[in-house]
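Trainee: If you're matching them up, the sequences are chains G and Z in order.
The working numbering numbers the first residue of the first sequence as 1 and each following residue consecutively.
The working numbering numbers the first residue of the second sequence as 79 and each following residue consecutively.
Rather than coming from a laboratory, the hints here were simulated on the basis of the structure.
It is possible that part of the hints are untrue.
[Stated by the list, open to error] Just some of the chain Z residues that point at chain G, by a computed CB distance under 7 Å:
| id | residue |
| --- | --- |
| 1 | Glu87 |
| 2 | Gly91 |
| 3 | Trp104 |
| 4 | Tyr132 |
| 5 | Ala175 |
Quick reminder that beta carbons are idealized off the backbone N, C-alpha and C, glycines included.
Listed below are the residues making up each chain.
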Amino acid sequence: MNSPLTHETVIDEDEHGADSAIAARLRIDYEEIMASTAPDQPGGRIVYSSADYETEEEADAALDAFFNSILEAPYEED
Amino acid sequence: MKKTKPILEFTAGSRRDIERCRLFLWRKPGGQPAQRIREVKREARRLTSDPKLYPVESVHPVSLLEFRRKNVGQFAILYAYLEPTAALPGGVVSVRAIRHGAEEDVLFRVEESRMGTAERHRLVGLYLRERSGNPRAGLSG
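Work out the full structure, taking the sequences as your base and the hints as a guide.
Mentor: Next up, the structure:
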């Protein structure tokens, strides 16, 4: 398959309306994503995998915990 | 026969993307970061029900990894789906990146804050020209 590595797409307007003003064109650089998330790159390290859990319920709970760890982290300005 | 669900995984890169999107939404009045990020989680989880619902957008030339995209409001979830094998009978949904529709604006503002005034004005001009498609837009004098 011969596909381009960069796509431009229009993200749908936000269904809740709060972000509708920023429905913007998004340039997705698949080449960069492929490179930065290759297995030998820091960005390619798997930080959550449902395969690490015995049951679907445990995997779901771990996914919740994974996202909560992001949501509960203190905000750090650049 | 019950169909085996794919494994769902997130890379460190996708986690960083989520953190960056959260920070952006936090800075934005009415951004509702927690609600939006939970939507991403819900939709990522839902991908495992039908990982091939979204078309392949790009294929890695060496690994032949197929990248697909699911839009969630202002976000795009970029993921690869690995077909089932004997060892992984459900296949794998591997979330590689999360992008926000206004990300380019965000990056621009971050870079802008690190620059001096003259450089900032020059880049604002370039930025406005690129956004408008008008080679004169953003130029003064």
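Trainee: All hints, please: hold or fail.
Mentor: Here is what the structure says about each hint:
1. At a threshold of 7 Å, the smallest CB-CB gap from glutamate 87/Z to chain G is about 4 Å, leaving the interface hint in force.
2. Hint status for glycine 91/Z: holds, given a least beta-carbon distance of 3 Å to chain G, under 7 Å.
3. Annotation: tryptophan 104/Z was flagged as interfacial toward chain G, and the flag holds, the nearest CB pair being 6 Å apart, inside 7 Å.
4. A cut of 7 Å between beta carbons decides the hint on tyrosine 132/Z: the least distance to chain G is about 12 Å, and the hint is violated.
5. With 7 Å as the threshold, the beta carbon of alanine 175/Z comes within range of chain G, its nearest partner Cβ sitting at about 5 Å, so the hint holds.
Figure legend: structure checked against the earlier numbered hints; the only hint not met is number 4.
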